[in-house]
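Engineer: Protein chains in written order, with the working numbering: chain L, 46 to 161; chain V, 974 to 1084.
Read the hints as simulated data drawn from the structure, not as lab findings.
Hints are not guaranteed to be accurate.
Claimed, not checked - Listed below are several chain L residues computed to face chain V (Cβ distance under 10 Å; list not exhaustive):
hint, residue
1, 53
2, 72
3, 137
4, 149
To be verified - Restraint ranges, calculated between C-beta atoms of paired labels, are given here:
hint, chain 1, residue 1, chain 2, residue 2, range
5, V, 1083, L, 124, 43 to 49 Å
6, L, 114, V, 1084, 38 to 44 Å
7, L, 126, V, 1028, 31 to 37 Å
8, L, 106, V, 1048, 22 to 28 Å
9, L, 50, V, 975, 38 to 44 Å
10, L, 140, V, 1033, 24 to 30 Å
As the list claims (entries may be wrong) - Calculated pairs, SDA-like style, for lysine to any residue (alpha carbon to alpha carbon, straight line, at most 25 Å):
hint, chain 1, residue 1, chain 2, residue 2
11, V, 1076, L, 96
12, V, 975, L, 133
13, L, 54, V, 1015
14, V, 1040, V, 1015
15, V, 1076, L, 63
16, V, 1015, L, 97
17, V, 1076, L, 55
18, V, 1015, L, 140
19, L, 115, L, 96
20, V, 1015, L, 56
21, V, 975, L, 105
22, V, 1076, L, 117
23, V, 1015, L, 83
24, V, 1076, L, 89
25, V, 975, L, 56
26, V, 1040, V, 1055
27, V, 975, L, 64
28, V, 1015, L, 114
29, V, 975, L, 100
30, V, 1076, L, 60
31, V, 1015, L, 99
32, V, 975, V, 1019
33, V, 1029, L, 101
34, L, 128, L, 63
35, L, 54, L, 64
36, V, 975, L, 108
37, V, 975, L, 63
38, V, 1076, L, 116
39, V, 1076, L, 106
40, V, 975, L, 151
Values in this document were obtained by computation on a predicted structure and should not be read as measured data.
Every residue, glycine too, gets a C-beta built ideally from N, C-alpha and C.
Take a look at the letters that make up each chain.
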Amino acid sequence: DGGITQSPKYLFRKEGQNVTLSCEQNLNHDAMYWYRQDPGQGLRLIYYSQIVNDFQKGDIAEGYSVSREKKESFPLTVTSAQKNPTAFYLCASSTLFQGAGRTEAFFGQGTRLTVV
Amino acid sequence: QKEVEQNSGPLSVPEGAIASLNCTYSDRGSQSFFWYRQYSGKSPELIMSIYSNGDKEDGRFTAQLNKASQYVSLLIRDSQPSDSATYLCAVRAGGYSTLTFGKGTMLLVSP
């Protein structure tokens, strides 16, 4: 089955600890994205990547880091510098936009991160 | 700053009625428009995409786009209790751009 797999589903972080969220896709999509969702809020873009070994900051990149060593994988690290990391984290992927056409983004099942 | 605006709701409709969800966007260069459905505690699921002015129908769902008014809507006919969810509007501008999401409209369909 083609799709996007995020793991783990639930993650607990202690104060001052770095944690890494996994995102893997087998849709052969070039672009991958990380979003954060807080209760009652929309999706806010953390980082995105359109090609291997390259990525750009989104609207709320502070306290987060990413890597894109393989087309299929785009892990997100929540560092200790992120002061309020408790949220629902969503990974998505899409084809690259090339004029009008099918550029829908599809989401993984999400990772719920809680600071304990 | 690109903005996508939606009424947060909740929008309450009785079972069998038509639900109308609306979205406005600020970037006139936007070219792709999407509606996602998100059940509580779950990830967003794509239900409609529209790229040109006019209507696009898929089963009980119709997306409507008016680029001159910078307005996109989603109609759900014969609403069912299982349609109760938050509906997110997303917009992508031209070029190699990212999606900008609205905050979503909560829809409640009562039996």
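Engineer: Honestly, which of those hints from before does the structure not fit?
Structural biologist: Those not satisfied are hints 1, 2, 6, 7, 8, 9, 11, 14, 15, 16, 22, 25, 26, 27, 28, 30, 31, 33, 37 and 38.
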